[in-house]
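A.B. asks: Take a look at the letters that make up each chain.
There are 2 protein chains.
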Amino acid sequence: MPVQRSEHNPILRPQDVKPSRPDFEVTCVLNAAVTRLGDEIILLLRVAERPIVDDPQTSRVPIFDPAKGELVLREFSHADPHYNFSDPRGISGPEGHYLTTLSYLRLARSKDGIHFTVEDQPALFPATEYETFGIEDPRISKIGDTYYIDYVAVSPNGIVTALASTQDFVTYERLGIIFAPDNKDCMLFPEKINGKYYALHRPCISGLGKPQIWLAESPDLLNWGRHRMIAGLRLNGWEDLRIGGSAPPFRVPQGWLEIYHGAGPGNRYCLGALLLDTDQPWKVLARSAQPFMQPEAKYELKGFFGNVVFTCGVLCEDGIVKIYYGAADEYMAYAEAPLQEILDGLELVENR
Amino acid sequence: MPVQRSEHNPILRPQDVKPSRPDFEVTCVLNAAVTRLGDEIILLLRVAERPIVDDPQTSRVPIFDPAKGELVLREFSHADPHYNFSDPRGISGPEGHYLTTLSYLRLARSKDGIHFTVEDQPALFPATEYETFGIEDPRISKIGDTYYIDYVAVSPNGIVTALASTQDFVTYERLGIIFAPDNKDCMLFPEKINGKYYALHRPCISGLGKPQIWLAESPDLLNWGRHRMIAGLRLNGWEDLRIGGSAPPFRVPQGWLEIYHGAGPGNRYCLGALLLDTDQPWKVLARSAQPFMQPEAKYELKGFFGNVVFTCGVLCEDGIVKIYYGAADEYMAYAEAPLQEILDGLELVENR
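Protein chains in written order, with numbering that gives the first Met the number 0: chain A, 0 to 351; chain B, 0 to 351.
Honestly, the hints are just simulated from the structure, not real lab data. Just so you know, even glycine gets a beta-carbon here, dropped at the ideal spot from N, CA and C. Check before you lean on any hint, since a few could be wrong.
Part of the chain B face toward chain A, derived, beta carbon under 10 Å [unchecked claim]: (1) F132; (2) P189; (3) E190; (4) I204; (5) Q293; (6) A296; (7) Y298.
Here are a few chain A residues that sit away from chain B, every Cβ distance over 12 Å (derived from the structure) [what the hints assert, rightly or not]: (8) R59; (9) V71; (10) F84; (11) G89; (12) F132; (13) V153; (14) T170; (15) P180; (16) K183; (17) I192; (18) P202; (19) G208; (20) R225; (21) A285; (22) E316.
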């Protein structure tokens, strides 16, 4: 079997993470970015929290208030007919939409890549008017000596991709919004290609288009242009609804390997791969015919949002793709796949 | 009355424009960009065409085929139950959406700014895979000696903002997609501000956000970043649903004046103004309390899509704002408003 799940899975569960304040509970720990720092493996976890509420007929929603610089809690009675509480992830009302949990980023460290120690304090917490509903799904790309972290910032302004950087994962610098709403699933290539930086991203489409994978280029990582759609949906049962880049692309002898996710009927999320041309990364040379990983384990099938395997980062070392992934939107899990097995599953593509 | 409409309105009607081929008819001429070139006023018109069809039970849809480099016509029988023909602007089917007309850009010249001669050939015609359904709503900003034209490109890849440039309105260079889908209502500031280029744009939002006005900055006009939402919707009856920049901003003593559009109930489109800070254009200093122009004339109230005044460009000369605008999405019209009247209608804003 190509993908070998860790016997320690899930490697992190909500109860392994101390909430950021005593009146909150952690509901999900998922979709971590990964990198090596010194002799450690670092996970930058997405942690989702919510206020503890005793009354099941009340929801208390955490919102970051940029003016106050702190969270405020907005309380809703389920008896209020102006609001819709049917989706456990959100509340809809006449003035807009709220999220029931607030996500932020938290660091975890490990020597063996399996047993992680989660830091007590958030690494990146909402801090701007674009982050009032939380920050989600980070990706790390080490470019030169700097770790660049892009992440999804959520607010009533929309869903955007923002950029931050760090040298040490102790202090972080926010570098602004690099992709306007709605945009997520962005990952930076780890080096310049012919003098330009490149990023994959996933514009979210309200009109004619579909949720597909785009490429942009940049002179400086801050300003992006020459957007091109490079990989589209396929009606094949596992990537019919939506696709997006997942892990930052890494070099293989044949080009750049991009581990991406596809969602098909029932919002089941699987992982596939794209092989991009080394010098012209807008050219998709080959693509997984079938997902190389799909929800199978109990912790993948059932959770906050079941039937999901979703990675925001892998390490490719010694011919092994080491996959850190969110399982059922609730847990962090780990699996290994031989690089060659993933490459062997690729089919040449005539068109994307 | 502040806004004086031309007695010659509409100044251009579909029958004033020769179709690009004999089997097509022009349905709309609208939303022109405007600039001065030598001793002439130039309009870069959006022209919408469709194949002439004798059978009312048949629709023939024009699509640009990038592989062939020409238009192909796709025919639909209205008896086909797989397709929905209820909207005259589009056809929906299982594989996606089609537009019933194809738009492209056409040049018109005038000495007096009222009587225009329309060139026989298109100026910019669909030419890429991002333009298969047409190109729409151009804006012209003269920066240095170069005229930059941004326009909306429409295809099954989504609705994007693309950039082109010209020195002479004879030859044009396409410069790629500057804002990923969905994005429209982009206008470049005509000069650098503290060393950076700026643009207003309107991301179209599928999730939490709303259709509002954003600002981006750029080192080179090609790559854009630091996206900021600068002006939001207001529940005031004329800009409740959607707003977007309309004319490229121009300098006034108090800052930058941006003529924008707002749509309220019933998709009625009006024009208002924003005053932006001279050095920090992300700061909205003042905003129209009421639209300074709204659909009133017969050709604004009734047409391809009625109840619309929509400008893609104005000239501000000798204290007069000369407004070239699309009326009812079918005609080009002209009006003048004293700059001071527009400024007098602005209210200081505490927040956007």
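A.B. asks: Run every hint past the structure and note whether it holds.
C.D. replies: So, going through the hints one by one against the coordinates:
no., hint, verdict
1, F132, "holds, 7 Å"
2, P189, "violated, 19 Å"
3, E190, "violated, 18 Å"
4, I204, "holds, 5 Å"
5, Q293, "violated, 26 Å"
6, A296, "violated, 30 Å"
7, Y298, "violated, 27 Å"
8, R59, "holds, 19 Å"
9, V71, "holds, 17 Å"
10, F84, "holds, 17 Å"
11, G89, "violated, 9 Å"
12, F132, "violated, 7 Å"
13, V153, "violated, 7 Å"
14, T170, "holds, 21 Å"
15, P180, "violated, 5 Å"
16, K183, "violated, 9 Å"
17, I192, "holds, 15 Å"
18, P202, "violated, 4 Å"
19, G208, "violated, 3 Å"
20, R225, "violated, 4 Å"
21, A285, "holds, 21 Å"
22, E316, "holds, 33 Å"
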